[in-house]
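2 protein chains.
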Amino acid sequence: METVAFAAKNMHFKIRQARKEDCKEVSRMIMELAVYEKMPDQVKISPEELERDGFCQNPFFECLVAEVPEEHKSKEGFTIVGYTLYFYTYSTWKGRSLYLEDLYVMPEFRGNGIGKGLLSKVAEVGKKKQCVRLQLSVLNWNTPTLDFYAAKGAQDLTVSEGWHFIRFDEQNMGNLANEAPKDQ
Amino acid sequence: METVAFAAKNMHFKIRQARKEDCKEVSRMIMELAVYEKMPDQVKISPEELERDGFCQNPFFECLVAEVPEEHKSKEGFTIVGYTLYFYTYSTWKGRSLYLEDLYVMPEFRGNGIGKGLLSKVAEVGKKKQCVRLQLSVLNWNTPTLDFYAAKGAQDLTVSEGWHFIRFDEQNMGNLANEAPKDQ
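These protein sequence lines map, in sequence, to chains A and B.
Positions 24 to 207 (this note's numbering) are the ones given, in order, by the first sequence.
Positions 24 to 207 (this note's numbering) are the ones given, in order, by the second sequence.
There could be a bad hint or two in this list.
Since copy identity is lost for identical chains, a pair holds within one copy or between any two.
Said to hold, decoys possible - List time: in silico DSS-like cross-link candidates among lysine-lysine, alpha-carbon distance up to 25 Å:
{"id": "1", "residue 1": "LYS98", "residue 2": "LYS117"}
{"id": "2", "residue 1": "LYS117", "residue 2": "LYS150"}
{"id": "3", "residue 1": "LYS205", "residue 2": "LYS96"}
{"id": "4", "residue 1": "LYS43", "residue 2": "LYS152"}
{"id": "5", "residue 1": "LYS151", "residue 2": "LYS67"}
{"id": "6", "residue 1": "LYS152", "residue 2": "LYS98"}
{"id": "7", "residue 1": "LYS117", "residue 2": "LYS47"}
{"id": "8", "residue 1": "LYS150", "residue 2": "LYS98"}
{"id": "9", "residue 1": "LYS47", "residue 2": "LYS98"}
Hints listed in this document are in silico derivations from the structure and should not be mistaken for laboratory results.
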């Protein structure tokens with residue numbers, strides 16, 4: 024994919040793969056999304072880490088950005104107004120899968136089909152790469168987002184099958200690692 | 024890591040990276056695990072797909088196996104008696120993460136520290152690769168497994184923060200992809 028440009032409800036925008044130099048803008052929007060999710064103090068990532076991890080030999084993620092022309096820039100002067108960040112996962116039942124870590128459109132640009140455009144471009148990547156599903160996670164109080172995905176055919180697996188998210192944080196992962204049997 | 028060998032409760036075993044030729048055995052244990060999880064009809068993966076996706080240029084997953092010596096082989100004659108399959112994910116709040124897709128030890132070999140050995144070796148990989156967390160998902164009725172991870176310091180994020188798993192299956196992902204704006 025190179026770029027996609029189209030107009031919806033009088034708002035022109037294009038969707039393109041993020042470049043290394045977009046990481047500062049992506050980083051800004053990651054923080055905006057975390058504020059919306061009520062956990063801004065959780066964000067520890069820097070633009071430099073995004074550059075290192077997303078633009079290396081075997082990148083840890085891929086990223087698309089949505090861009091509007093200068094004349095439609097945000098009140099703060101931004102032209103990159105949305106992003107999505109995703110990566111490949113693997114199901115031992117079904118095979119290659121895609122995981123949508125983030126999908127975000129700045130509030131003043133919502134209602135123009137940008138979120139839908141980003142999501143469908145990610146789905147297109149998944150289809151091309153022979154992935155069999157697209158997964159993500161949403162906070163249970165975030166009804167607008169849950170509704171957004173449900174309306175497009177997504178299933179809530181925590182409700183339907185009872186899957187729970189389990190996490191070892193860095194400290195507990197480190198403790199486990201320290202107990203690992205030594206290599207011979 | 025090459026191999027790890029040690030003895031616990033009189034059972035010698037070693038943990039090593041899976042090789043392409045182990046995929047048939049891993050495939051057998053994937054099915055055993057799915058039977059335990061009460062969803063055997065969900066398994067569609069073949070040993071050939073595991074070979075293709077795990078042993079290519081940019082593999083979609085990594086895998087460790089636990090092996091016992093011939094004299095301790097299972098009643099069916101198997102010496103590969105456990106496995107774990109994991110891959111790299113990415114948090115836009117924290118950075119590199121590891122996701123544990125499967126961890127399995129054959130029933131007759133449990134209680135020998137093999138599960139703990141596999142888990143701690145994965146944590147060690149995470150630490151070496153500068154991952155900040157190790158995540159996984161568990162079915163809510165699977166109390167022994169939830170207890171196993173909780174005892175080692177894991178947190179249930181569905182309970183504590185309200186995260187839900189959302190999935191677009193292949194059909195719905197395909198529908199989305201078909202609606203993607205065309206590249207220019």
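Taking the hints in turn, this is what the structure says about them:
no., hint, verdict
1, LYS98 x LYS117, "neither (45 Å within a copy, 29 Å between copies)"
2, LYS117 x LYS150, "within (14 Å within a copy, 28 Å between copies)"
3, LYS205 x LYS96, "between (56 Å within a copy, 23 Å between copies)"
4, LYS43 x LYS152, "both (23 Å within a copy, 22 Å between copies)"
5, LYS151 x LYS67, "between (33 Å within a copy, 19 Å between copies)"
6, LYS152 x LYS98, "neither (38 Å within a copy, 40 Å between copies)"
7, LYS117 x LYS47, "between (36 Å within a copy, 16 Å between copies)"
8, LYS150 x LYS98, "neither (36 Å within a copy, 42 Å between copies)"
9, LYS47 x LYS98, "within (18 Å within a copy, 58 Å between copies)"
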